[in-house]
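Engineer: Okay, here's what each chain looks like letter by letter:
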Amino acid sequence: MTMLSSYLTLAAVLFCIGLYGVITKRNAVIVLLSIELMLNAVNLNLIAFSKYGINASLRGQVFSLFTMTVAAAEAAVGIAVLISLYRRRVTVNVDEFDELRR
Amino acid sequence: MFNFNIEFNGEFFAFFLLAVCAIVGAVLAINFTKVVHTALSLAFTFVSLAGIYVLLEAEFVAFVQVLIYVGAVTILMIFGIMMTKHQDEGKERTRPLLEGLAAVGCICLFGILFYAIRSASFPEPADKLPADNTMSLGKLLYSAYAIPFELVSVLLTVAFIGAVALAKREPEEKEGGPS
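Here the protein sequences line up with chains A and B, keeping their order. What the first sequence shows, in the numbering used here, is residues 1 to 102, in sequence order. What the second sequence shows, in the numbering used here, is residues 1001 to 1179, in sequence order.
Possibly wrong hints are sitting among the right ones.
Stated by the list, open to error - Covered by chain A, according to a simulated footprint, are these stretches of chain B (three or more residues, beta-carbon under 8 Å):
#1 1009-1015
#2 1051-1057
What the hints assert, rightly or not - Here are some chain B residues pointing at chain A (derived, C-beta under 8 Å):
#3 Ala-1019
#4 Ala-1026
#5 Leu-1028
#6 Ile-1068
#7 Tyr-1069
#8 Gly-1071
#9 Leu-1076
#10 Ala-1102
#11 Ala-1103
#12 Phe-1114
#13 Pro-1125
#14 Leu-1141
#15 Ala-1163
#16 Ala-1167
For the record, the hints were derived by calculation from the structure and aren't laboratory data. C-beta atoms are modelled at their ideal positions from N, C-alpha and C, and glycine is treated no differently.
Chain A extracted, bound-state conformation (with noise of 0.2 Å):
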């Protein structure tokens, strides 16, 4: 029994607040920074399995790594979409941002 199930465990634990924070919290800021915790449980499993996996080799960190880039070109865009919504709206709540016209 190797230490592989505790990483896992450990990256459900944070998927699981990651989405009650994307589910529960209206501020949008908050809503983005959720989800960026459950990439980063997504990407905890991915290098789990990377040592413990039965053919342990570095592909998943490759793959972590990728997930990274694109989580980041997300956070970018996400605050840009959020910047230039609040200029429209002049809220975060995301409960109000229910149209996409003008």
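Could you slot chain B onto chain A? The hints should help.
Structural biologist: For chain B alone, kept in the frame of chain A given last:
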């Protein structure tokens, strides 16, 4: 079915400490009412996860985690907080039914995941990671994964140009007010 036999070695204690730090940071981030406190608490979680990556022999990924998440994403989020209105937080009405349902759903999801993890059997890894991890990672990135690597750089460039174009202030005569 559930096997809890864990050997108490140094890796387990380091993992336990870092995992407690990560979970405490995440839970506090959900519970804080001020948005800046949430961002800083999640930065603490990201640093703890970088420590866990070092434990998993992924030193390069740990440094990238510190550089990108703690250095870039958290600072970007703090800029986002500062550029929007964040004074009236904590005064909005609470929605106990939605929050209760979300908590029940998340706990059910965690229960399913925990059951699946504990009842699965993970065989011992057949081979170990190479000793000089970072060099092997670089060779792998530039040989087997060269085309995805270049595509990701194109994606980053496009995303950042798009972000600048989105957040750029528009000319004033278009400001007709929300209709």
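Engineer: Hold the hint about B:Ala-1102 up to the distance rule: shortest CB distance to chain A must be less than 8 Å.
Structural biologist: Nearest chain A Cβ about 4 Å off; hint holds.
Engineer: Per the CB criterion, is B:Tyr-1069 less than 8 Å away from chain A?
Structural biologist: 7 Å, holds
Engineer: Minimum Cβ distance from B:Ala-1019 to chain A below 8 Å?
Structural biologist: 5 Å, holds
Engineer: With a cut-off of 8 Å on the beta carbons, see whether B:Ala-1167 makes it to chain A.
Structural biologist: Nearest chain A Cβ about 4 Å off; hint holds.
Engineer: Does the closest beta carbon of chain A sit nearer than 8 Å to the beta carbon of B:Ile-1068?
Structural biologist: 5 Å, holds
Engineer: Taking the closest Cβ pair, is B:Ala-1026 under 8 Å from chain A?
Structural biologist: Where the cut-off is 8 Å and the nearest Cβ of chain A is about 4 Å from B:Ala-1026, the hint holds.
Engineer: Should the interface hint for B:Gly-1071 be scored as holding, given a Cβ-Cβ cut-off of 8 Å against chain A?
Structural biologist: 10 Å, violated
Engineer: Given B:Leu-1028 as an interface hint, is the shortest Cβ-Cβ distance to chain A below 8 Å?
Structural biologist: 10 Å, violated
Engineer: Less than 8 Å between beta-carbons is the criterion; does B:Ala-1163 satisfy it with respect to chain A?
Structural biologist: 4 Å, holds
Engineer: Holds or violated: B:Pro-1125 as interface residue toward chain A, Cβ cutoff 8 Å?
Structural biologist: Hint on B:Pro-1125: holds, closest Cβ of chain A at ~4 Å, below 8 Å.
Engineer: Do three or more residues from the stretch 1009-1015 of chain B put their C-beta atoms closer than 8 Å to C-beta atoms of chain A?
Structural biologist: It holds, with 3 qualifying residues against the three required.
Engineer: Let's test the interface hint: is any C-beta of chain A closer than 8 Å to that of B:Leu-1141?
Structural biologist: With a closest approach of 6 Å, the B:Leu-1141 hint holds.
Violation of the numbered hints given earlier is confined to hints 5, 8; the remaining hints are satisfied by the structure.
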